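J.: So you can see what is in the structure, the chains are spelled out below.
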Amino acid sequence: MITVQASDFIRILPQEILSAFAILVMVFEPFLPSSRKVVLGWFSLLGVVAAGAAAVRTSYSLGPAFNASIAADPFSIYFIALFLLVAALCLLGSFNYLQRDNINHGEFYALILMGTVGMCFMAASTELIMIFLGLEISSLSTYVLAGFKRHDGLSNEASLKYFLLGSFATAFFLYGIAFVYGLTGTTNLMTLSERLSRTGTGGTPLLWVAIVLMFIGLGFKVSTAPFHVWTPDVYQGAPAPVTAFLSVGPKAAAFAVILRIFLGAFHAVGSVSFQMLWLSAILTMVVGNLAALWQSNVKRLLAYSAIAHAGYVLVGIAAGSAEGVSAVLFYLTVYALMNVGAFILIAPIAGTGERALRVEDYTGLGYTRPGVAACLTVFMLSLGGIPTTAGFLGKFYLFRAAIHAHLIGLVIVAVLTSVVSVYYYLRLVVVMYMREGQPQATSEPLPLALRVALATSVIGIFVLGLFPLLLKKKGEAEASPRHTKLAQVR
Amino acid sequence: MIAPLFYIFAGLAIVAALSVVLQRTPVYSALSLILVLCSLAVIYLLLGAQFLAVIQVIVYAGAIMVLFVFVIMLLNARQESPTDHSLFARRLGLPLLAVFLAEVIFVVVGHFSGTVFAAGATFDGGPGAVGGLLFRNYVLPFEVTSILILVAVMGAVVLAKKQL
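Residue numbers (my numbering), protein chains in the order written: chain U, 2 to 491; chain C, 48 to 211.
It is worth saying that the hints were derived from the structure and are not from the lab. Owing to the predicted nature of the structure, the values given are computational and were not obtained by experimental measurement. Any given hint might turn out to be false.
Pair by pair, the computed Cβ-Cβ distance ranges are [said to hold, decoys possible]: (1) 152(U) with 128(C): 25 to 35 Å; (2) 55(C) with 276(U): 37 to 47 Å; (3) 147(C) with 36(U): 32 to 42 Å; (4) 183(U) with 193(C): 41 to 51 Å; (5) 138(C) with 436(U): 37 to 47 Å; (6) 354(U) with 125(C): 28 to 38 Å; (7) 171(C) with 298(U): 56 to 66 Å; (8) 354(U) with 128(C): 31 to 41 Å; (9) 136(C) with 186(U): 52 to 62 Å; (10) 101(C) with 154(U): 58 to 68 Å.
Covered stretches of chain C, going by a simulated chain U footprint (3 or more residues, C-beta under 8 Å) [unchecked claim]: (11) 89 to 100; (12) 189 to 201.
Ideal Cβ placement from N, Cα and C applies to all residues, glycine included.
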């Protein structure tokens, strides 16, 4: 007889609080005049902070909950904290944007909160059905958010493309789950892991098919090549703060699931997952970085750069060791800071209706708006992996883990492609500082909320770049208990 | 007795599913989909999941299909005109699909060849058993589904309402 206890509810406290705030936002929405909707934004931010406090509370009562469908472990707490950070930064970056572009509706904030709930469930679930539900909650919210500029053709296109291809990918994931259940008779990751290791390593061809199908579904979410084709169009069409959210949040959540499934539950059949991850990592890095070279639209450029970064993370996952997992956790936080920062900064530069998005529009920005240009430069240098920024150390840890796992070929490709990537990141910096001209960008000062978000990102990038052990130690602690078995995979 | 029934209805489901995709008129596609859902219901029944079979007919073949047909009528959807397919889809789409299907069939057949399938009602597939599972073992997924539906409703309103 299974009973639900109070501790079960404490172990999903952050998710509960976020959902409650999302529902409250929807309840208050009709009572506020459209000029005061930003109150709901601050209220949502309060919800994110409260959920953060709840996560701290949860971290004192770790363990499985609800018949092992979900686990509150250091791994999930780490990811929940990451999602809350991303949600907070995106909320801060969106207040002014929504007013300016005349899409100031309370649903935006509710959907951001709900998307975060879905991502938290994805990272914390140890049950394939729960992972699927979390995936769907976060996906549905982001599909709608991508089309939030309802009278903008590009935004509608983004939403529709994301929805159609996303549902298709989810179907693959579900098909994979069905195969796994048919083979092992369970959808619980722990039971799955036990049963698979009992039947010996290698697995059957049918299990390989299941693994590949599930990887296709998740690969779409993290936009690995060849499942990346939707990324540039969606990132370009979605409102910039939404792009910031969906270029980091659902991606990190899907990586959490990949870690749990492929390195945790399926570690008995590690060689298949390894070959798949290896191939996908190489393709993703090459395609992402080379395609970014030809982009003239800043959002598309950053979209391809986001694809390339997914490739670097896959390098760390392919390493399959506890060191690799800890490097991935560190890198995802760094990536969140710099990518969210870059996308929410693009919004005010582009002006109303996001018109100034070409690289040439940034000409001379270093002279007319030195502060903005300096922030963008920091994000670009960090994305390119220049030392003293966190982006460098993130890549360093990933590649070091891969070298320790003897993945020399993979590391060579990774280093070469990141050298290529420096070209397109620096192109933007060069245009801002070394070309004369009148920038197209608007000159209104940045709003306070946005400044806070940008300052957090920039400071975070430097702090993690200079004192990485603050977080890295934590990442190692997170990785060690759950994934100690991984080192023996190969 | 079970094996021939299984083959009949599995075959019917596949043929009807192909018809859903190949029909040019949306209403025909919707009607074919009803056939798919009903054949699946029979397969559930053969597996001993009688409650699921009934739900499948009532909810999917009944309620949801009525909605489908209503939407098709309201949109006044006519016969589809063929689009100019992209070169990639035309040249590579079918071959890739064929390779993928062949692979799956090969693996599945290879895995299950020689095994006896559909052992019949070896477990209780009645409402009591399903309810027990749903509200005990899977109570969290059940509750979280409500959040999913809430998000879907919110999304539909945001995207479709004329004046927000």
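J.: Would you list, in rising numerical order, the hints stated earlier that this structure does not obey?
T.: 3, 4, 9, 10, 11
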